[in-house]
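Chemist: Chains as they are written, first to last, in the numbering used here: chain B, 1 to 603; chain C, 604 to 1010.
Worth flagging that the hints you see were computed from the coordinates, not collected in a lab. Every residue, glycine too, gets a C-beta built ideally from N, C-alpha and C. Hints are supplied without guarantee of correctness; some may be wrong.
[To be verified] A short list of chain C residues far from chain B (calculated; beta carbon distances all over 10 Å): (1) 631; (2) 705; (3) 746; (4) 882.
[As the list claims (entries may be wrong)] List of simulated lysine to any residue pairs, SDA-like, C-alpha gap at most 25 Å: (5) 482(B) <-> 773(C); (6) 36(B) <-> 814(C); (7) 887(C) <-> 43(B); (8) 887(C) <-> 212(B); (9) 482(B) <-> 760(C); (10) 113(B) <-> 893(C); (11) 36(B) <-> 964(C); (12) 36(B) <-> 846(C); (13) 887(C) <-> 482(B); (14) 36(B) <-> 883(C); (15) 887(C) <-> 41(B); (16) 113(B) <-> 760(C); (17) 887(C) <-> 113(B).
[Said to hold, decoys possible] Partial list, computed: chain B residues near chain C (C-beta under 8 Å): (18) 12; (19) 21; (20) 30; (21) 40; (22) 41; (23) 44; (24) 51; (25) 52; (26) 53.
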Amino acid sequence: MANELGSRERVLSILALLTLGFSILLFRSGYLQVVKHGHYARLSQQNRLRRLCIPAPRGLVFDCNGVLIAQSRPGFDLVLVTVNDWQASVNKAAGLLGLDSLLLKSSVILQRKIFPKDPVVLVRDLMPEQVARIEENIQYLPALRLEVESLRKAEHGSLASHLVGYTSSLGQSEYARYRERGYSYGDYIGKGGLELKYENYLRGVHGWDFIEVDARGRDLGTVSEAERIEPDPGSNIYLTIDWRLQSLAESLFTGDMIGAAVAIEPQTGRVLALVSRPNFNPNLFAAGIRSDDWNRLVNDPSYPLWDRAIRSAYPPGSTFKVVTAAAALEESLITPEQKMKTPCRGSLAIGNRVFKCWKKGGHGWLGLHGAIVNSCDVYFYQLGIMLKIKGLSKWSQNLGFNQETGIDLPQENPGLIPDDAWYQKRLGKNAKTVGRSANMSIGQGEVMATPLQMASLYAALANGGVWCQPHLLLKAEDFTGKVLVGEIISRKKLPLSDSTVSVLKQALYGAVNEPGSTGGASRVWGVKTAGKTGTAQNPHGDDHSWFVGFAPLDDPAIAVAVLVENAGHGSEIAAPMAGKIMQRYLALKGWLEKPVIATARPQ
Amino acid sequence: MKLKMLGSRDFDLQMVIAVFALCAIGIMAIYSATQIDQPQLSGLWQKQLFSLGLGLLLLVIMMAVPFRYFEAFAWPLYIVSMILLLAVLFAPPVMKAHRWINFGFVRFQPSELAKPATIFVLAKILSAHDFSLDKFWKLLVPIGAVLLPAALVLVEPDLGTSLSFAALFLTMVFWHGLSFGNFFFMVSPVLSMVAVVSMPSWIGFMALMAGAFWFFRVRFKYALPIFLSNIFIGSLAPAVWYGLKSYQRKRLLTFINPDLDPKGAGWHVLQSKIAVGSGGVLGKGFLRGTQKKLSFLPEQHTDFIFSTFAEEFGFIGVLIVLLLFFWLLFRGIIIARQARNRFASFTAIGIIAVIGFHVFLNIGVTLGIMPVTGIPLPFLSYGGTSLITMLVMTGILLNIGLRRYEY
Chain B
1 MANELGSRER VLSILALLTL GFSILLFRSG YLQVVKHGHY ARLSQQNRLR
51 RLCIPAPRGL VFDCNGVLIA QSRPGFDLVL VTVNDWQASV NKAAGLLGLD
101 SLLLKSSVIL QRKIFPKDPV VLVRDLMPEQ VARIEENIQY LPALRLEVES
151 LRKAEHGSLA SHLVGYTSSL GQSEYARYRE RGYSYGDYIG KGGLELKYEN
201 YLRGVHGWDF IEVDARGRDL GTVSEAERIE PDPGSNIYLT IDWRLQSLAE
251 SLFTGDMIGA AVAIEPQTGR VLALVSRPNF NPNLFAAGIR SDDWNRLVND
301 PSYPLWDRAI RSAYPPGSTF KVVTAAAALE ESLITPEQKM KTPCRGSLAI
351 GNRVFKCWKK GGHGWLGLHG AIVNSCDVYF YQLGIMLKIK GLSKWSQNLG
401 FNQETGIDLP QENPGLIPDD AWYQKRLGKN AKTVGRSANM SIGQGEVMAT
451 PLQMASLYAA LANGGVWCQP HLLLKAEDFT GKVLVGEIIS RKKLPLSDST
501 VSVLKQALYG AVNEPGSTGG ASRVWGVKTA GKTGTAQNPH GDDHSWFVGF
551 APLDDPAIAV AVLVENAGHG SEIAAPMAGK IMQRYLALKG WLEKPVIATA
601 RPQ
Chain C
604 MKLKMLGSRD FDLQMVIAVF ALCAIGIMAI YSATQIDQPQ LSGLWQKQLF
654 SLGLGLLLLV IMMAVPFRYF EAFAWPLYIV SMILLLAVLF APPVMKAHRW
704 INFGFVRFQP SELAKPATIF VLAKILSAHD FSLDKFWKLL VPIGAVLLPA
754 ALVLVEPDLG TSLSFAALFL TMVFWHGLSF GNFFFMVSPV LSMVAVVSMP
804 SWIGFMALMA GAFWFFRVRF KYALPIFLSN IFIGSLAPAV WYGLKSYQRK
854 RLLTFINPDL DPKGAGWHVL QSKIAVGSGG VLGKGFLRGT QKKLSFLPEQ
904 HTDFIFSTFA EEFGFIGVLI VLLLFFWLLF RGIIIARQAR NRFASFTAIG
954 IIAVIGFHVF LNIGVTLGIM PVTGIPLPFL SYGGTSLITM LVMTGILLNI
1004 GLRRYEY
């Protein structure tokens, strides 16, 4: 058959192409291995080529209106770059900076054990005058170099410090864990709050510079064959926080008041403010915290590093009565109008113990509404006895207690709602729990809840029984402006009937506005305010002062929980603070300029 | 296959020796490249030895099967491998790419199976008696047959392997007898896009085109649209490219070619060049390489195996490896030329194209003259699927060689 395949011309062409290709490879190899051998042999001798990290600036943190909360600032480091003859330079530098040269040298030796060839950071974040002193004497410090790095800066100092968190550099043990994820020794990493939670967004990707060094490890300049790789800055995150509200809420904790405040937008679960006092200054951590600062923070009896808003669980006191009421209504143990069996005469005998009402003279016959308005303990003791531990724990669980809200912050405390099993373990198989259930009904005893949980429940009541997961992130945007993740609003209908919700809302409105109520100090002029005070007894000292509420009643824009430790009555301390927070927010949102629809006070 | 055939003149012993030598060098280089302070790598040479054994077994089987079976099974094999290429896109990604299907005990790369399958199908199409290239549109069927696997592999993404399909297609069409002129004008748009990187190279390319029109005596009514479309494509490329922001370019590049790794590629190539260059003429000696201890893992036993070898065995070693590859390919071309069966001849030249392309691209990358593309070096790189595929294709070549006078 006529076979034109593999004709001489085709075979020769392919052979020519093959020969050309292999010749290129061979000549290139010869060029590298013979002509440039000296150059590459020099580079390959150990230490000759070094990859210098160009740190990526960390992403910025903004509030919902674009107010800058956390950014980066330059910091000057004194870095030891050579391997040999370094001691003289370190001694000299120690003298210039007034530091202990032995201490510096031992830290160098320690780090050289791990990374024998890498530059060692002697001193981080020099003060401006220290920088000047080093620069003046740089010719006497041949082994040292000043380098700029990017350090975290909290724009407003200690405001919102728990929420934003802080960064610190990776130590030796942490580095072992994080190197897989592309971290270098000494990298900054979020250590608390949002800096930790959104670390993956905030951190950027390091760039690299390739430099050649001499036998003593000194910089001979960049290697031209490899291009410098620019870093990618970290992504910016935008928070649901309204900075104006946050700073007002923080300012309400005057003096050495200890406590927390949480404000939530009921329809979405957006956290508008999250305060924990006392706070700390995250900027102390920026370049590695000094040991005396650290000791001061961890030995402070008021635990300034602890985020009380989400990590501390307190007895909720009377603010918990809505849970007991909701449970009794949903279990159809009572109707809203029904009076209790026993009227309040200031106390109630249960077994051989006497349980007191906060009002010595007693409240007399009350229905549910009146019991909440007047915060009558005796009424609720009886509800607690009817519900038993089982009913109370079941409904507390249903309404979000004894579990994390799932807010986007690390280390949230789930609080505690004891159930029968818990008591049996604690007190033995046949323990009598009647008294315990009475105590639990008014948010005392073993019941524990975080300020965030309380705010979140009242926000759900305000929102007609639809609970929204509290969250802080509006969006994360990379440096090009591309939105990496948007806001996640997650809603859940609480198992409460509409009538239950409306009875509770009316009662909470009464508890602020009716005569004999305790929450009057939280009233916001011009809108219907609802809420409940709490005065929680605790074994550690004076009562905690609580107020949890929301406004306006019919179209709620904000729900607030305020807790002040050991401050006494909720009506005197927490309620006015909550009132100011709601007032400020409603004013910011323009609510207070609207015509007044309802009078603040009935009757 | 009868045993005495192995003694026949047509059994290409030289090719077998070249392949054996390359495999032995590969095992040695892998052993050397993995004896570093990473204990999980140190046993890889044994795994590679196992793959080598399996591959040799398959090589013998491929030699024994009459090549008519390959022709008969070309389409079913092609369809199966296209299904696997589709399936792999839904498999969990490994290092950001969907290249492997994990069967638990073994990881399999469908793109490797697709190479021989596509070669068989193209060979079948091109060798059909009623197939001719007198009209350009007749190329549409073979183009489609190669575009499908090439596109599926490109979205894995695996640029290097995708380009190897282009290489085998162009070679096989050229082998069919597509005229030099038409061949040139077929690839000219691609050349135009490449040449446009600098003004002199583009002017040079345009001059080359004009020369080609004159040389091949292309009629004006064909030449004008070809010329204009080349200018159009060439001028479009930079307009699109530089219209993008730098991060978009980076994203696009890393999407097409994840091996590019803008944060690491420069370092890899620089380290590879230092390894090769510091090897000098005689090399640093087996196991004496120092560059491999540096951080261009994990590629130093896979895609950058050549630089480890070149460091330890120097220019002499490079010369020997290049000669072995050249000889293997040369013998292959002889077989393709002598094969009387058209299907067999096309298959042989397709296999040569794939092996040659891999060798040139891989070594080109390690020497810093090609952009970083993750493609293994045949017979040398660590990786079971790649080694076995290469040995299978060698088996097919030897098979065709044995039966080169059969129609």
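Chemist: Of all the hints numbered above, which does this structure not satisfy? Sort the numbers upward.
Modeler: 4, 5, 6, 12, 13, 16, 17, 18, 25, 26
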